[in-house]
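Trainee: Sequence:
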Amino acid sequence: FPNDRLLAIGGAGIWWPGKDLGQVTDLSGNARRFLHMEQRKEGVAMWAPVSGLYYSSTRMELAALLLAAHATIPVHIGVENKAVVDKARILQQRAIQLQAKGQLGSKRPLKKRWQLQCDGDLWEQYWNVLISRGHLSIEVSKVKGHATDSQVAEGKVREEDKHGNDAAD
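So the sequence shown is numbered by this note's numbering: it starts at 43 and just counts up by one.
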């Protein structure tokens with residue numbers, strides 16, 4: 043029943059262009075336990091099921107962001123969901139502000155508790171990864187999801203963004 047979010051099965055996909063398995067298997071142990079990995083001609087594909095009672099495209103994009111953030115190298119992560127990109131950037135800015143005040147790790151980044159935020163369980167995990175690995179070692183950008191060849195031809199979408207998003211999907 044994929045049209046019913048309460049009955050759907052969710053998943054997260056990650057595409058690492060130009061990498062080989064040896065370069066990207068340097069993920070933290072927890073992420074490696076959940077990911078399926080496959081070497082492909084142009085890079086590495088990774089995917090994982092996402093369990094829970096509620097599925098949305100935002101939650102699945104956030105799960106992929108969280109898994110990619112577990113890499114032990116600086117990462118630039120392209121995400122098609124604007125809400126995920128916006129909140130990831132807000133959290134990064136909040137980490138910068140708290141660090142400047144010497145309060146990083148001692149203060150909640152947002153007024154609302156994680157449990158009262160939509161997808162707060164995953165956002166709390168993302169915050170912890172962001173802080174533990176260094177908030178300047180992750181960059182999150184918006185990419186056009188489900189782009190067409192004509193959008194690439196018109197210059198509206200970069201070809202590498204289309205290919206990467208298609209591979210992750």
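Calculated directly from the structure, the hints in this document are not laboratory data.
Here a beta-carbon is modelled for each residue, glycine too, at the ideal position from N, C-alpha and C.
Hints may be right or wrong, so weigh each one.
Simulated crosslink set (PhoX-like; lysine-lysine; CA at most 20 Å straight-line) [said to hold, decoys possible]:
#, residue 1, residue 2
1, K204, K184
2, K198, K186
3, K143, K153
4, K143, K124
5, K124, K198
6, K204, K61
7, K198, K184
8, K204, K83
9, K61, K143
10, K83, K124
11, K124, K61
12, K204, K186
For each label pair, taking beta carbons as the anchor points, the in silico distance ranges come out as [as the list claims (entries may be wrong)]:
#, residue 1, residue 2, range
13, S192, K153, 39 to 49 Å
14, K143, T190, 38 to 48 Å
15, E181, E80, 21 to 31 Å
16, N45, K143, 24 to 34 Å
17, D163, K186, 39 to 49 Å
18, P59, G197, 16 to 26 Å
19, T114, G147, 36 to 46 Å
20, T114, K184, 35 to 45 Å
21, D163, H188, 37 to 47 Å
22, K83, Q145, 45 to 55 Å
Trainee: Is it true that the CA of K83 sits at most 20 Å from the CA of K124?
Mentor: Between K83 and K124 the Cα gap is close to 29 Å, so the pair fails against 20 Å, i.e. violated.
Trainee: Hey, K204 versus K83, does the alpha-carbon distance stay inside 20 Å?
Mentor: holds (17 Å)
Trainee: For the pair supplied as a hint, K124 and K61, is the alpha-carbon distance within the 20 Å limit?
Mentor: violated (26 Å)
Trainee: When you take the CB atoms of E181 and E80, is the distance between them in 21 to 31 Å?
Mentor: Since the Cβ atoms of E181 and E80 sit about 25 Å apart, the hinted range of 21 to 31 Å holds.
Trainee: Is the Cα-Cα distance between K61 and K143 20 Å or less?
Mentor: Not OK: K61 and K143 at ~38 Å, beyond 20 Å, violated.
Trainee: When you check the alpha-carbon spacing of K198 and K186, does it fall within 20 Å?
Mentor: holds (9 Å)
Trainee: Does the structure keep K124 and K198 at a Cα separation of 20 Å or less?
Mentor: Holds - the C-alpha atoms of K198 and K124 are around 17 Å apart, at most 20 Å.
Trainee: So does T114 sit 36 to 46 Å from G147, Cβ to Cβ?
Mentor: violated (20 Å)
Trainee: Please work out if K204 and K186 have their alpha carbons no farther apart than 20 Å.
Mentor: holds (7 Å)
Trainee: Using the Cβ atoms, figure out if P59 sits within 16 to 26 Å of G197.
Mentor: holds (20 Å)
Trainee: Using the Cβ atoms, figure out if K83 sits within 45 to 55 Å of Q145.
Mentor: Cβ of K83 to Cβ of Q145: about 47 Å, so the range 45 to 55 Å holds.
Trainee: Is 39 to 49 Å a correct range for the gap between the Cβ atoms of D163 and K186?
Mentor: violated (28 Å)
Hint compliance for this structure: hints 4, 9, 10, 11, 16, 17, 19, 20 and 21 are not met, and every other hint is.
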